[in-house]
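Participant: Could you slot chains Z and X onto chain P? The hints should help.
Chains as they are written, first to last, in our numbering: chain P, 1 to 293; chain Z, 1001 to 1444; chain X, 2001 to 2346.
Derived by calculation from the structure, the hints in this document are not laboratory data.
Here the structure is a predicted model, which means the values were calculated and not measured.
Treat each hint with caution, since some may be false.
What the hints assert, rightly or not - Below, a list of computed lysine-lysine pairs in the DSS-like style, where the Cα atoms sit at most 30 Å apart:
id, chain 1, residue 1, chain 2, residue 2
1, X, K2141, Z, K1231
2, P, K56, Z, K1403
3, X, K2141, Z, K1203
4, P, K56, Z, K1303
5, Z, K1402, P, K56
One-letter residues, chain by chain:
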Amino acid sequence: MNLFLETFIGGLLAGTMYSLVAIGFVLIYKASGVFNFAQGSILLFSGLTFVTLLEKGVPFAGALAITIVILVVGAVVIERTVLRPLANRSPMTLFMATLGLSYVVEGTAQGLMGAQVHALDLGIEDVPVFIGDVMISQFDLVAALTAVLLAAVLALLFNRTRIGVSLRAVADDTRAALSIGINLNRIWQIVWAVAGITGLVAGMLWGARQGIQFSLSLVVLKALPVLIIGGFTSIGGAIVGGLIVGAAETLAETYIGRFVGGGITPWFPYFLAIAFLYIRPAGLFGERALERV
Amino acid sequence: MKRLTLTALLAATFAGTALVSPAAYADGKEQYVPLPTYRVGPYASSGTLWWAGEIDYLRYINDVEGGINGVKLKVEEFETEWSPDRTVEVYERVKNGKDGAPVAFFFTHGTPATYALTERSAKDKISLIDPAGGQPEATNGLVFSYVFPLLLNYYSQASVGINYIAQKEGGFDKLKGKKIVTVYHDSAYGRATQPAVTVLAKKYGFEDVQIPVADPGNEQSPQWRQVREIKPDWVFLRTWGVSTPVAIKTAARFGIPADHIIGDVWAGSEADVIPAGAAATGYQALAPYPGGPEFEIHNRLRKTILEAGKSDLKDPKFFGAVYYNIGLINAALAVEALRVGQAKFGNRPLNGEEGHWAFEHLTIDDARLKQIGFYGLLQSIKLSPADHEGGGAARIQQWDGKKWVLVTDWIQADHALLRPLIEEKSAAYAKEHNITPRTLAGEN
Amino acid sequence: MSQSLSSPLLVLPDNNFRLFTPAILLIGFIVVPVTGSDYWLGAILVPFLILSLAGLGLNLLTGYAGQTSLGSGGFMSVGAFATFGLVVHGGVPLPVALLLSGLITAGAGLLFGLPSDRIKGFYLMVSSLAAQFFFEWLFQKFPWFYNYDSSGTIELPRLSVFGLDVSSPVGRYLTTLVIVVALTWFAANLVRSQTGRSWMAIRDMDTAAAVIGIPVYRTKVLAFAVSSFYLGVAGALWAFIYLGSASVQSFGIARSFQVLFIIIIGGVGSISGNFIGAAFISLLPLAIDHVAQHLFAGHVDAGLLQNIQKAIFGLLIILFLVREPDGLARLFKSFGERLTNWPLRF
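Chain P extracted, bound-state conformation (with noise of 0.2 Å):
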């Protein structure tokens, strides 16, 4: 029973670590219906700015605040160049052009920073903490609060600024917001942004845990089936789904895993996402769109 309480909890607190990459996804695809895909590039490059300023010998803030002031600079290039020229076209085509961003800010990123691998410390004690025989890891506590904080920071951007509240007039209907007089580009500048500022705290809490590299592009993978579990749309989506797919998939691979030979979780989220979504289409917290002829 405590090998199963522990493998539950933990699986719990590691899913977040998923939840807060999916964030990411969903701000950028509830103002601008973009699926981004360079999200994983953006925790690479944000991560590696900012790990290479501290190497060079920035104090810890004045890192966090270039890195920031650079993640905004490239939001809005990334409006002007790629996303204003699209504007209008299908989803599906801006899909592929988030994807040829991937390749540019992984090409940038590694060609100016370099390909080595880096260590961040963050200065959380990985000491696990027991509570009774179960053991808890201190990192994924952190993590599982900041994904929580962060969660709770962007509800309070969203409900109680006025720039949040024009980014759901976009959301909600995109049309209505441009005649009322919101600016749509300033918006899409703003929540590409945020998206990069989650993707740096994203990028800092996984590159804490496995060094800052390459790989951390490839967190996405794991963050997708969160994504559909919790619907494209939904902030709280995303925190739920992250625990479900973390605990589901450390307990299939205790449990499950040892009569199949092991090593499924890159799929099992998938096949959970799959069930889940047959029960409702659009995610636990998507919003089902109508369909009319």
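Facilitator: Frame of chain P, contents of chains Z and X only:
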């Protein structure tokens, strides 16, 4: 107008590629050394240092020693992103040499690429050089004529690991009843040692538990929870890429001491331990390619290449890193093989068949290692048509939190025990592929 | 993506081009094998043709039936491993094995197409990654699929078609060409048949298609099956005719993206676009490499140079999406039309 630019671009693409045609073979003064490399993508972190070592040594041979007996090496790089498919394309592009400079051998720089090229290379008579990788059974050169898993094949890696554990435990008899867990990257590479470990477990009576980690391996708590339940005496870590630091960190979290984890060749570089931080202190790894910048060859390179500004290394802090040394050693093996070939065929560029003869007769003894400055860094090696491994030993290095420290001398694998396994597997391969093993008669 | 039915589908460009297809076939079957070097035949044209076929497979699903998938690589691996199994375990001759493994892949595609009645759009696309990762795991995990080979690699002992040895570059090229031409001809006709028109109706609006009496679910699943058949054959050709041996690494997610790039760049909902897209995708990196080597080699750090090439590749993809939304096939067509009308274009 817009359309015209695009059309022009497209036309340029086709015209551009049309120029990439292989040159005809002719006599020349240079030896062509094509290098399929990966400086882009997930594997670039190991790649960039590796190519720096390889290129630096080849530059040293060219610029300082004036080539190999006057024959200069013409080095060219091709980006593959570690994809076997692109390596096949590169191989086809370079196999006939360039501008009259012939190819004597082909570094595959990746085990999947070696597999993809095995058949083609036999037809073209070009040797595939893949040190410390490849199928272990390719050691049997009588079946795999043109494949060279030089230095240390995967069976030998397992055997050296077990021999080291026995040494630490105080004798082979102490292995009885011990639990040795192998945590492996779930791929052909990760499984490659299994047959050898099975044989060794039977011989010494230890319990062999294998636990897979799926690629890429950035979340491993289920695996290490399982390891903790087993309470192993030793853990053999055969991961690769990001799965190594994650494994070391997760192991620490589950209370598995780092100094009882032994890493594989491809889990024993700086890139594997630095991201794991303090958790990696005490971690040990097999080192057919020891790390460190203080071997004799490093002194020579520092003076003639590094300080002359000719190094391919972007950041001098990686001078002497494990992957840099891998590059040095591989380049040295190739250069020494070419010397052996030139001693037989004359001081001129060698072709594929001559290169093949050269590798099959490659011998580097301790005296020679001292001459070329590799003593301690490279083991003495002697190949034959029946033995394409030639070495079969490794040292053990331990991470002290800042750098790798060599803790043993060369530990030999148990070749007598492993050879029957190699014979058996290679015979099965020969049967399946209708290959008649060469006989040694008529070879010289 | 929404292409009206009245516009020609670029199957064989319209009447102005009546001589176009025979000319291409003549060049493909006679001129190229006689004049092409081994390098061009074996290392450029063979992969180009196979990738075109894979693109065609995905295009049937995405461009005609409107269902996106990122599982192309996975389905290609099914074709490759099925062919291997049939030849090695079953002793089936290669051409039959190719056909059967296409059918097996079609079955796999059918299974993964089953959820498409409820799951749509990006949700479906992301779910298709389940196929990708599942097959990667399956063909890695169970040694039976690769006949207990220690390298996890599949390899056919000898390439022969009806007793003829086809392992020379020309042989490989001609084998591929025959298969690709036959399957392209079939696809070109299929998309103009009732099935093809039902697919397009579903693509343009499935609710409307259901209203006019098209069995939407069955037609969608059929599209998954047919598409996977093509991908399976392409995978088998890629493994045994092009590479010579393969493991799951040859069919990773990067392959799925590559196939997707081919159809987007070539033209979604176009037959000839697959060939143009494949040519572009397989030649562009070589061309960039070549140009970059000439211009910068020695001046720029090699690592930077390679990464710049990658970034340029990404930029070009974005540029093409911005400039030519309907893909290169459309570009070629309008160029061709201008050419045929040429001195009289006013």
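Participant: Is the straight-line distance between the alpha-carbon of K1402 (chain Z) and that of K56 (chain P) 30 Å or less?
Facilitator: holds (19 Å)
Participant: Checking one constraint from the list: CA of K56 (chain P) to CA of K1303 (chain Z), max 30 Å. Satisfied?
Facilitator: With a Cα-Cα distance of about 27 Å, the restraint between K56 (chain P) and K1303 (chain Z) holds, given a limit of 30 Å.
Participant: Taken at face value, is the distance from the CA of K1403 (chain Z) to the CA of K56 (chain P) at most 30 Å?
Facilitator: holds (21 Å)
Participant: Need the status of pair K2141 (chain X), K1203 (chain Z): alpha-carbon distance at most 30 Å?
Facilitator: Answer holds: K2141 (chain X) to K1203 (chain Z) is near 27 Å, not above 30 Å.
Participant: Given the hint that K2141 (chain X) pairs with K1231 (chain Z), does the C-alpha gap stay at or below 30 Å?
Facilitator: holds (26 Å)
Checked against the numbered hints listed earlier, the structure breaks none of them; every hint is satisfied.
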